[in-house]
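With chain R's structure known, arrange chain F on it following the hints.
Sequences listed follow chains R and F, in order.
If you're matching positions, the first sequence starts at 1 in my numbering and goes up one per residue.
If you're matching positions, the second sequence starts at 1 in my numbering and goes up one per residue.
Treat the hints as calculated values from the structure; they're not laboratory data.
As the structure is a prediction and not an experimental result, all values here were calculated from the model.
Be careful, since some hints might not be right.
In silico DSS-like pairs for lysine-lysine, Cα to Cα no more than 30 angstroms straight-line [unchecked claim]: (1) Lys65(R) / Lys95(R); (2) Lys7(F) / Lys22(R); (3) Lys73(R) / Lys95(R); (4) Lys22(R) / Lys57(R); (5) Lys57(R) / Lys73(R); (6) Lys95(R) / Lys65(F).
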Amino acid sequence: AQRVTQPEKLLSVFKGAPVELKCNYSYSGSPELFWYVQYSRQRLQLLLRHISRESIKGFTADLNKGETSFHLKKPFAQEEDSAMYYCALHAGFQKLVFGTGTRLLVSP
Amino acid sequence: SAVISQKPSRDICQRGTSLTIQCQVDSQVTMMFWYRQQPGQSLTLIATANQGSEATYESGFVIDKFPISRPNLTFSTLTVSNMSPEDSSIYLCSAGTGAYNEQFFGPGTRLTVL
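So that you can see chain R by itself, here it is in the shape it has in the complex (with noise of 0.2 angstroms):
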């Protein structure tokens, strides 16, 4: 089954600390993957796609399929990182399944 799996509810750092955001999936081909962030009162929008492997805002992700995890990190937070973080499976015909998400908070 397709499942994608984000450990954490909550994830409470300080500013310039490091962040990782857990994401684990369960995929029998070759999965691709994507982190989308959802800010206060705006929309859902794609942060970074593991195919490109980009930077976007200082965050990573590198896909480790013998691990099956993808997870989301940042050497150093910032408090306009606080957001919802959900990492994302494409199951076929664009379909996305998608992670329970990880409030990430930011303090000063």
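Relative to the frame of chain R, chain F by itself:
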């Protein structure tokens, strides 16, 4: 990318009534989707809106309850029929642009059923 708008942004409805939500995309897209996001929960796919044919529903969702129209490549509607308080949720429209299989989302419609 695609810019997506939804109407209405929110509504409060009485039990037993129906509400139609509109979704407009600023460019032609092949795939459009409808999601439900219940309070404190993640997004659950309701159906894929197919242009020129019936929508494809996910397990647990049926056409009688959530009829969908897709008259062209830029527009879709979702109707929530015979509503009950359990239908109170945020309903999201999204479009797939096909480049990397990602989707772009509308702002959502917050529905409250009394």
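### Message
Which constraints among the numbered hints does this structure fail? Numbers only, ascending.
### Response
Number 2 only.
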